[in-house]
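So you can see what is in the structure, the chains are spelled out below.
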Amino acid sequence: MARISDRRIEHLLRRAGFGARPDELELYSEMSVAQAVDALLNYDRIVDDVDTFIAKPGFVNTTIRGQFLPQSNIIDARQRWLFRMVHSDRPLQEKMTLFWHNHFATGYTKIAGALGAAEATRYLAAKSSEDRGKVRGQVEMLREKALGNFRDILIDIAKDAAMLVWLDGRTNTKAKPQENFAREIMELFTMGVGTFTEADVYAGARVFSGWNLARPGVPADGSLHYEFVYNAGQHDTATKTFSFPIYADGNKTIPARTAADGMQDGIDLIDALAASPATARYLAAKLYRFFVSELGAVNVTFVERIASVYLQSRYDMKTVMREVLLSPEFWDQNAYFARYSWPVEFVVRALKDIGWTGFSVNDALTPLSNMGQILYEPPDVAGWDAGQAWFSTGAMLARMNFASTLAGNQKFNLATAVKVGNAARTPEALLSYFVAALVTAPLDGGVRSEWSTYLRATGAWTGSDAQLQAKASGLVHLIAGSPEYQLV
Amino acid sequence: MKVTRRQFVKGGVAAFTVTFAAPEFLSDVARAQGSRTRNLVVLYLSGGNDALSMVIPYNDPFYTSRRPAIAVPAGQVLQIGTDSSRVALGLHPRLTGLKQIFDQGRLALIQRTGYDNQSRSHFLGTDIWSTADPDNPQALGWVGRYLDSLPSPVDPLIGWNTTASLPHVLQARTAVPAIASAAGYSFSSPNVGDEAAAERATALRIASHVPVDRPELAFVYGSSQAAMATLDRVASVATYRPSPAYPNTGFAQALQAVAGAISKSIGTRVFYVTTGGFDTHSAQNVNTAGGAYYNLMATLNDGLIAFYTDLKNQGLLEDTLVLSFSEFGRRISENGSQGTDHGAASVMMAMGGRVNGGLYGTAPDLNPDPKNPTLENNAGDVRYETDFRSVYAQVLEGWLATDSTKLLGGNFRKSGLEFI
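Those protein sequences? They're chains P and E, same order as listed. For the first sequence, my numbering gives the first residue as 3, with consecutive numbering after it. For the second sequence, my numbering gives the first residue as 4, with consecutive numbering after it.
Hints are not guaranteed to be accurate.
As the list claims (entries may be wrong) - Below are the BS3-like pairs computed for lysine-lysine, each with C-alpha atoms no more than 30 Å apart in a straight line:
1. P/K413 to P/K58
2. E/K374 to P/K254
3. P/K178 to E/K374
4. P/K58 to P/K136
5. P/K320 to P/K129
6. P/K176 to E/K374
7. P/K254 to P/K161
8. P/K178 to P/K161
9. E/K267 to E/K315
Stated by the list, open to error - Stretch-level coverage of chain E by chain P, calculated; a stretch enters the list once three of its residues show a Cβ under 8 Å from a Cβ in chain P:
10. 124-131
11. 158-169
12. 174-181
Because the hints were derived from the structure by calculation, they are not lab data. Note that the Cβ used here is the ideal one computed from N, Cα and C, for glycine as well.
Sequences are here, hints too, so could you generate the full structure?
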């Protein structure tokens, strides 16, 4: 656990990843900031083999019930994602996937209610390589396109089987247009609330009429599956007029088309939404909150600059994220520890900081739920209510209690690490060791001396194994459960 | 997006300078002598409740013609009489418990509640209902503002939110604990005995810090402090054994915790509970056993009747007012998916031992004539008749005995709305 500490690299990895394992810290600390950003962005140069290490020694455990089936069992899907967050060598890919999962927030329960539990997991989390019908679940699509083109992501989302169930697009027909997806693609996925009218919602519903689901494949070999189909017979072919421009020349009307050509309506609308300056600013503000700072108002200069990079790059998220991670706002001293960690950020960072050997990510799932975050189960299509809303008393207790569970689980390893690190001699040595290992926001005055008092509270210092295990785990519990550790 | 909601409340540090004086427990003796408390339970039906399927104008011909697949047949509704516009109304067939409460005069149904230019967005809509402030939907919650208006020091258990995260309606300078389960609300330790006690004592001492000039950190300290200060009292609620038993739904279990807190007199005055799934865009199945909306009604009914009966058995019904809201009602005409899309005005419920039950306001006329004054959006949606803030005003004044004009930023009092 002894670590080389470069506070800039730590900041970068807290934001562009989920904190740093000792090996990550070692790797990135040899780079300049520019090199580190470059390495994080160009993750496609790093082989994506993290899943092959599941259930291998040296990695965080998973709990396997019979078979490990992340493509059909939602618990296993959650375990796999947490495993990746801990062990992936492509941290920014995982972080962006989480960002998009929150952005296109699609919840398991509604889909399971419609299609059943195994199918719901499949359309959210299956990799096409492990599915007999080549189904690529929504979050796998988002992972694949994590730094891709936003317009392409929107097209894929509009055709995504889970989304077509979640926002009812599968039932959108010309006789009875379904407004749900049309509303949310404008309100939550692109331009933001207040940028469109009720008439736009009606028109949008008609645009996407016929964007439904088909079910090809055969049951016998497991290839039967749902996939997007453009159902020409169910498309409303009449013109659709919006309150905002659809075409570059300012034209607000999607022309009448034949039913056969009608799918172009949806492409035209998505193109317009992707190209909208409102979308550019909306995304930029969300990126600011997720990557830069949650303190005070959103920085307007940042938003304008990132929005223009978004538009100039024709919606290329890699270009946008390079600008975000190299921005002066990101590196401002006031941006350090200026975010409230999301529950998964907290849990994964704690595992990276405290240790994982002998711990199963399965045992983080209930605590995460108590902290207010269940992967693949955002509370609604607006995603999680982040920031201060994560810190209700119950959720704070859940964080403190997870710190306790993990520290207890790692008791032996922690004591061993202290001895190896030559920090067992005095309470002060032990304290210095752990304060360096678990990086927090600057401590409030007096906290460190309270911890020191704790180490001396129950008897003379002997440095015995029993004492080291008790005090190391107790102290790690207090540090990881402290308010300062919750900020990232 | 709710980005600006994440900004820090003004007043930062001072907001969390809470003194943890032990609350005055209301003794059984005092209660027996007639000393009463007044508890408010705010109930959020999340997703936009289809009021027309809950309080049904079953004789309106357009109810059936505009909802051919999902209308409940007139013969199956639970009739509750006619309102002042002589529209015959019936409760959803599954609301048998609410029908009993209605018949006992302890359930008020306030029809067509909403506001001008009602938002059809779940998120903006919820913000507006939570703040009672359509012009500034990022303000603190209306119930939160009430808590902030109480004389300090405010007991850290003055409010009890039964969900995992803080709902906007309770956002306040006063920290409101989130206690989803009283049994799980405890402080654990990797050690036992003296070591565990030393950890807890350290955590308690540290939590009492108030970081200066660091509102973001002070906020987390505030949560930590409120958690530590409320552990023991909440633990006492975990031992509550109600009679009758509550159903095994999250909603009913939350109500059981509320009843436990009221019964054990731990000092809490404002509770928040929610039940979700009301965003019924498709397969609404209003009147099919096991159907989506039918199940919503079952959850709502069975939870509320258990709560009502429990409190009644304990003589605590007169201390309690339940007030429900939802972000919007739904469109009048069903869509092609046998569901309904986002609409406008809805129905609010008030339930409790001192409620003057009955029907308030008038039902919409569902005639799709664009000039129909009870509808809006080309007769697509129900137009509001009673501003929802008038209902809040009645609760603030009639139940919480406080000046509503201050908390609501205007005079929303309305005569004929004396349901409490």
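Hint-by-hint comparison with the structure:
A C-alpha spacing of about 22 Å is found between P/K413 and P/K58, which places the hinted pair at or below 30 Å, so the restraint holds. With a C-alpha separation of about 29 Å, the suggested pair E/K374 and P/K254 falls inside the 30 Å cut-off, and the hint holds. A C-alpha spacing of about 23 Å is found between P/K178 and E/K374, which places the hinted pair at or below 30 Å, so the restraint holds. The straight-line distance between the Cα atoms of P/K58 and P/K136 is roughly 26 Å, inside the 30 Å bound, and the hint therefore holds.
Simply put, P/K320 and P/K129 have alpha-carbon atoms about 23 Å apart, close enough for the 30 Å limit, and the pair holds. For the hint linking P/K176 to E/K374, the alpha-carbon distance of about 26 Å falls within 30 Å, and the restraint holds. Only pairs whose Cα atoms come within 30 Å are accepted, and P/K254 paired with P/K161 is accepted, the gap being roughly 24 Å. For the given pair, P/K178 sits about 19 Å from P/K161 by alpha-carbon distance, which is consistent with the 30 Å threshold.
At most 30 Å may separate the alpha-carbon atoms for a hinted pair to count; E/K267 and E/K315 meet this at roughly 15 Å. Only residues whose beta carbon comes within less than 8 Å of a beta carbon in chain P count, and the segment 124-131 of chain E has 4; three or more means the coverage holds. Closer than 8 Å: that is the beta-carbon criterion, and the segment 158-169 of chain E has 4 residues meeting it against chain P, so the requirement of 3 holds. For the segment 174-181 of chain E, the stated coverage by chain P holds: 4 residues have a C-beta nearer than 8 Å to a C-beta of that chain, and at least 3 were required.
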